[in-house]
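Participant: Assembling the complex is the task here: the two chains are given apart, and the hints tell you how they should meet.
Heads up: the sequence lines are chains A and B, in that order. So for the first sequence, the numbering used here puts the first residue at 1; every next one is plus one. So for the second sequence, the numbering used here puts the first residue at 1; every next one is plus one.
Just so you know, the hints here were simulated from the structure itself, not pulled from any lab data. Each hint should be verified, as a subset may be incorrect.
Lysine to aspartate or glutamate pairs mimicking DMTMM-like chemistry, simulated, CA-CA at most 20 Å apart [stated by the list, open to error]:
#1 A/Lys-91 to A/Glu-52
#2 A/Lys-71 to B/Asp-14
#3 A/Lys-89 to B/Asp-7
#4 B/Lys-72 to A/Asp-76
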Amino acid sequence: MGPFGRGEVPGVLNQRRSSRTSVTMAAMRGRRDAGVLALAVVLAACGGRPAELVPPIGKTEALDPDSPFPKLRFADGMLSINDRCPVTKRKLSIHFPPVYVNGQPIGFC
Amino acid sequence: MKVFVQDPQIQLADLGIPIPDAIDPKRPAVLDAAHRSFVDYETYFFADEADKRRFDADPTAACGILTDPVTKQRFRPGSDSPRSQFAGRAYVFFTEANKATFEKAPEAFARPNYDAIEIPGMPMMPEPPATPARP
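Okay, chain B solo, but in the shape it has when bound (with noise of 0.2 Å):
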């Protein structure tokens, strides 16, 4: 999953999964990086350079639902929606308190936490090597 978002559209490329543009959905999106938007934990990929400029300029135009950072939360955002910059990324929150916790510690809510998720009958994180006693 870290290695997806890193590059999703290696993995999506190989999928052969058909991804249609954000803006125009009759037309297919190039799957690279230059087609490629990020806001809050979400992908875009676009035909062209000129509807990736159209989905930057308004991101929340053309969004739909994404996830609140800090809360997790789904939700549709509005025209007024607050918002923020992070490392070259945009994120829309669903409200001003959720944007000024996420600026008071942004690494903290830019990505997802992975290792956080809890699997039944796996371990969240793997036990140290036991260190034989010194005698």
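So that you can see chain A by itself, here it is in the shape it has in the complex (with noise of 0.2 Å):
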């Protein structure tokens, strides 16, 4: 036994360990690669992204109803891009879906 006792020397027997270590470890790392690689090709093979429903999270509902025009916010959670309605510039109604612009919705009367 060294003057380090059991496991001693502990400097030359670390830097060997990293060493192997450091190899399994490229070794690893070169087949994660490749299975990232792998299931890369078998999502495109499948069409890559699946199509998801996107349930409504609530009810259509002003957002400040004291405010004489307020925007709403719809059942998906969105809140009207416009405070007024853009036919008749009058105050937005909930009963009437929104229409969507770029993905933004729109309210109306």
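Facilitator: Here is the structure:
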């Protein structure tokens, strides 16, 4: 047993172990990269992104009912980008579904 | 509403609300018919014709959430979502079954049926004028 006791000469041993470890890690990383690539190929072959339903999370409601022209929060949780009807310029109605422009909801009356 | 969906850029410009490009939100979209695309019931505007072409080549890549014209469910389309065309407009569906239903009677689903919207206290269709009974 040397001056450092059992498992001594940690530097030398650890160096060896670390070099061996780094070889193993590199091999694992290579295998992981190959796995990721294979997964990407499989996903691409299967069509990639699957479609998903976006269920409503609530009911349409006025954001600030006391305001003369409140914006609406629609059932999908999105906020109307307008606060008055684009056609008549009147207050928005919760009874009309929004029309989406570039993904943003526009309310009506 | 019916007025709006035909040419939304007219009222949008009137409202003065800036609409960002559907592909690159950092750029403002040009609100005119030449920079516009329709997918299902949704409208998209673009900053230039290149972005419009890129969008039209694969609308599902940048369209975000859509409304299925048959079930009216909101859904995020996948890259292989069923598609169709009707009257020069692109349609994307949540399922193949919805696409098949649409293609049997596209006129029934191609536009939202605003006349069927029920508003409490308001008759859906105006009553026809009463005709006086003949003596």
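Participant: Is it true that the CA of B/Lys-72 sits at most 20 Å from the CA of A/Asp-76?
Facilitator: holds, 13 Å
Participant: Given the proposed pairing of A/Lys-71 with B/Asp-14, does the C-alpha separation stay at or below 20 Å?
Facilitator: Holds - the C-alpha atoms of B/Asp-14 and A/Lys-71 are around 17 Å apart, at most 20 Å.
Participant: Take the C-alpha atoms of A/Lys-89 and B/Asp-7, compute the straight-line distance between them, and say whether it is at most 20 Å.
Facilitator: Roughly 17 Å between the alpha carbons, so the hint for A/Lys-89 and B/Asp-7 holds.
Participant: Could you grab the alpha-carbon distance between A/Lys-91 and A/Glu-52 and see if it respects the 20 Å cut-off?
Facilitator: This hinted pair is violated, its Cα atoms lying about 33 Å apart.
Checked against the numbered hints given earlier, the structure breaks only hint 1 and satisfies all the rest.
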